[in-house]
Amino acid sequence: MTLRLGIPSKGRLMDKTFQWFADRGITLKRSGTGREYAGEVDGIKGVSLVLLSAGEVPRELAAGRIHLGVTGTDLIHESLPLWQQQVQQVAALGFGQADLILAVPQFWVDVDTLDDLDAAAAAFRARHGHRLRIATKYHRLVRDFLRHAGVADYALVDSQGATEGTVLNETAEMVADITSTGETLRANHLKLLTDGLILQSQATLWRSRVAEYSKAETTALGQMMARIEG
Amino acid sequence: MNPSRSATLARAANLRARFEDAGAQVVETPVLQPAGILLDLYGEDIRARAYVTSDALRGEQMLRPDFTVPVVQMHMDHAADPARYTYAGEVFRRQEQDPDRASEYIQVGYELFDRSGSAAADAEVFALIADTLTGLPLRAATGDIGILMAAVQGLDTSDARKSALMRHLWHPRRFHALLERFSGRATPPPSRQALLAQDDPLDGHAPIIGKRRLSDVEARIDALRADAATPPICARELTALETLLKVRETLPYALERLRDVAVDLPQILPALDRLAARIKALTAQGIDTDTLDFEASYGRTSMEYYDGFVFGFYAQTRPDLPPIATGGRYDALTRRLGKGAEIPAVGGVLRPDLMLLLEGAQT
Chain B
1 MTLRLGIPSK GRLMDKTFQW FADRGITLKR SGTGREYAGE VDGIKGVSLV
51 LLSAGEVPRE LAAGRIHLGV TGTDLIHESL PLWQQQVQQV AALGFGQADL
101 ILAVPQFWVD VDTLDDLDAA AAAFRARHGH RLRIATKYHR LVRDFLRHAG
151 VADYALVDSQ GATEGTVLNE TAEMVADITS TGETLRANHL KLLTDGLILQ
201 SQATLWRSRV AEYSKAETTA LGQMMARIEG
Chain E
1001 MNPSRSATLA RAANLRARFE DAGAQVVETP VLQPAGILLD LYGEDIRARA
1051 YVTSDALRGE QMLRPDFTVP VVQMHMDHAA DPARYTYAGE VFRRQEQDPD
1101 RASEYIQVGY ELFDRSGSAA ADAEVFALIA DTLTGLPLRA ATGDIGILMA
1151 AVQGLDTSDA RKSALMRHLW HPRRFHALLE RFSGRATPPP SRQALLAQDD
1201 PLDGHAPIIG KRRLSDVEAR IDALRADAAT PPICARELTA LETLLKVRET
1251 LPYALERLRD VAVDLPQILP ALDRLAARIK ALTAQGIDTD TLDFEASYGR
1301 TSMEYYDGFV FGFYAQTRPD LPPIATGGRY DALTRRLGKG AEIPAVGGVL
1351 RPDLMLLLEG AQT
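From first to last, the protein sequence lines are chains B and E. Read in order, the letters of the first sequence correspond to residues 1 to 230 in our numbering. Read in order, the letters of the second sequence correspond to residues 1001 to 1363 in our numbering.
Hints are computed from structural coordinates only; laboratory data are not their basis. Hints should not be assumed to be uniformly reliable.
Straight-line Cα separation of at most 25 Å, SDA-like style, residue types lysine to any residue; simulated pairs [as the list claims (entries may be wrong)]: (1) B:K137 to B:P81; (2) E:K1211 to B:L197; (3) B:K191 to E:L1041; (4) E:K1246 to E:R1225; (5) E:K1211 to B:R186; (6) E:K1162 to B:R127; (7) B:K191 to E:Q1153; (8) B:K191 to E:P1207; (9) E:K1246 to E:Q1153; (10) E:K1211 to B:K29; (11) B:K137 to E:R1094; (12) E:K1211 to B:G161; (13) E:K1211 to B:L192; (14) E:K1246 to B:H148; (15) B:K137 to E:P1034; (16) B:K16 to B:A226; (17) E:K1280 to E:R1259; (18) E:K1211 to B:E183; (19) E:K1211 to E:L1041; (20) E:K1246 to B:R147; (21) E:K1211 to B:Q160; (22) E:K1211 to B:K16; (23) B:K16 to B:I44; (24) E:K1211 to B:H128; (25) B:K191 to E:L1196; (26) B:K10 to B:R147; (27) B:K137 to E:R1093; (28) B:K29 to B:G94; (29) E:K1211 to B:F145; (30) E:K1162 to B:K16; (31) E:K1246 to E:R1236; (32) B:K191 to E:K1280; (33) E:K1280 to E:V1247; (34) E:K1211 to B:L168; (35) B:K10 to B:S180; (36) E:K1280 to E:V1263.
What you are looking at is a predicted structure, and each value in this text was computed from that prediction instead of being measured.
Required output: the full structure, derived from the provided sequences and hints.
Here it is in structure tokens:
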């Protein structure tokens, strides 16, 4: 059997990952016309390429169906509650940087910290009859962060895209989302909370702690690590 | 070795029969509970603990995380008091942190609704639970959230500050942070000071978007200005409150310590009289109160709907196990579920699987 390496199958994340491995003498490429979700590995023996969505990488690592995988820290922490026991971080790849943050409308001049947010949420609930809604797709990370900070009287509403627009549409009062430059936030009249940084994420190579490693796969892993560590 | 499901069910039936003998009526509640009411009570945190599911007609539902809420609802809807209920069945809890803890287990409970709200009712429930656990190597812990609440409500400060503290009674970290600020020991963040220094903080600001309106922001700025003008909570009250939170003794000594605290916090005196009455009632039930532990902060992190007497039984030899039994008084919960009505209530739950586990380890 071969060592299975899972890589996001689309876009800049795939291209940059391919480049990162190429810099270390490992050539990854798609088979055939390039539309197929199958790939090849050159420059190292006993490794096979698995192309899949970045969102599926955590699950596949945790199930041990791939040995290595590239995905963002945010997705690992969100979807694997016991990630420390399930995966090991091999290398941060230096791209795909993004912060998971809490943002509120800019005109909320009274809200700058989590402490303010908590008080504003209590008053909002008393006045409007429902909890202050936070639109996000990172439910577990946001909830853990707010619980730890002792913020109450909020509700998470699911938003799988165009999250910054939810405030204008009045389906949420604020958002918890990934941002790299903050431009989309500003364009939608939102600002960051000073102490509202939930997680700093970047594209990362992970190793599954639960996958089985045959002798050949262990050898291939050793060679891979030697290349990565240079 | 973990006890089998059939052994656990047999023990559960046996415990429930015992509670029936004590005068309780057997009740059943649906496994699927409407999520709205639980979310309203516990907030978003419940989602971390309960299994949420949904269907197109009824919307979000939760797999019963406990029996207390449905039993209270049932009682408030159509029963007369005093009433005693018992039940046995599965509850479901998501376990994201500790894979060794069960996500589905059997709970057996006893709930007492009694308008007198008396110490005798507290003692009846505690003694009944303690009796079923006789012979197991357990440590009992007790507390009283009502004393904390009385202490906060009687502080010499603004109502806004008192309600902020009351709201975070169950979040010790935030409670502490609020207390630091309200006593002037911590300064407000620079952004707050800058905001309050402006004559019109909203002048020329960004577009107004979202359901939190301009008037909400203005109201909060007014509240912040009022708070800034409120004198700090005095050192005497603060020290007394901190001493109170640390009280941890056997019951008679704890009462003595709390009476000392009451010199500076006289608002807790009625709650202390209730504690004294409870000690008497427990003694009358045959409980050795001289050795029973009391912790003033007990129940502050894990038992958010209790607002009076609280208790738990823990395995001395297995600190890794969750409590074998827990319970307490939850008058405020009945007020929130009762649409205006309320009825003092106290109850407790047991884990028959853990009882069997400990018995197995003894032999």
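Okay, the hints, checked on the actual structure:
{"no.": "1", "hint": "B:K137 to B:P81", "result": "holds (15 Å)"}
{"no.": "2", "hint": "E:K1211 to B:L197", "result": "holds (24 Å)"}
{"no.": "3", "hint": "B:K191 to E:L1041", "result": "violated (30 Å)"}
{"no.": "4", "hint": "E:K1246 to E:R1225", "result": "violated (33 Å)"}
{"no.": "5", "hint": "E:K1211 to B:R186", "result": "holds (18 Å)"}
{"no.": "6", "hint": "E:K1162 to B:R127", "result": "holds (19 Å)"}
{"no.": "7", "hint": "B:K191 to E:Q1153", "result": "violated (36 Å)"}
{"no.": "8", "hint": "B:K191 to E:P1207", "result": "holds (12 Å)"}
{"no.": "9", "hint": "E:K1246 to E:Q1153", "result": "holds (19 Å)"}
{"no.": "10", "hint": "E:K1211 to B:K29", "result": "violated (49 Å)"}
{"no.": "11", "hint": "B:K137 to E:R1094", "result": "holds (19 Å)"}
{"no.": "12", "hint": "E:K1211 to B:G161", "result": "holds (20 Å)"}
{"no.": "13", "hint": "E:K1211 to B:L192", "result": "holds (18 Å)"}
{"no.": "14", "hint": "E:K1246 to B:H148", "result": "holds (22 Å)"}
{"no.": "15", "hint": "B:K137 to E:P1034", "result": "holds (23 Å)"}
{"no.": "16", "hint": "B:K16 to B:A226", "result": "holds (20 Å)"}
{"no.": "17", "hint": "E:K1280 to E:R1259", "result": "holds (16 Å)"}
{"no.": "18", "hint": "E:K1211 to B:E183", "result": "holds (23 Å)"}
{"no.": "19", "hint": "E:K1211 to E:L1041", "result": "holds (23 Å)"}
{"no.": "20", "hint": "E:K1246 to B:R147", "result": "holds (24 Å)"}
{"no.": "21", "hint": "E:K1211 to B:Q160", "result": "holds (21 Å)"}
{"no.": "22", "hint": "E:K1211 to B:K16", "result": "violated (41 Å)"}
{"no.": "23", "hint": "B:K16 to B:I44", "result": "holds (19 Å)"}
{"no.": "24", "hint": "E:K1211 to B:H128", "result": "holds (9 Å)"}
{"no.": "25", "hint": "B:K191 to E:L1196", "result": "holds (19 Å)"}
{"no.": "26", "hint": "B:K10 to B:R147", "result": "violated (35 Å)"}
{"no.": "27", "hint": "B:K137 to E:R1093", "result": "holds (22 Å)"}
{"no.": "28", "hint": "B:K29 to B:G94", "result": "holds (21 Å)"}
{"no.": "29", "hint": "E:K1211 to B:F145", "result": "holds (24 Å)"}
{"no.": "30", "hint": "E:K1162 to B:K16", "result": "violated (55 Å)"}
{"no.": "31", "hint": "E:K1246 to E:R1236", "result": "holds (16 Å)"}
{"no.": "32", "hint": "B:K191 to E:K1280", "result": "violated (58 Å)"}
{"no.": "33", "hint": "E:K1280 to E:V1247", "result": "holds (20 Å)"}
{"no.": "34", "hint": "E:K1211 to B:L168", "result": "holds (8 Å)"}
{"no.": "35", "hint": "B:K10 to B:S180", "result": "holds (19 Å)"}
{"no.": "36", "hint": "E:K1280 to E:V1263", "result": "holds (23 Å)"}
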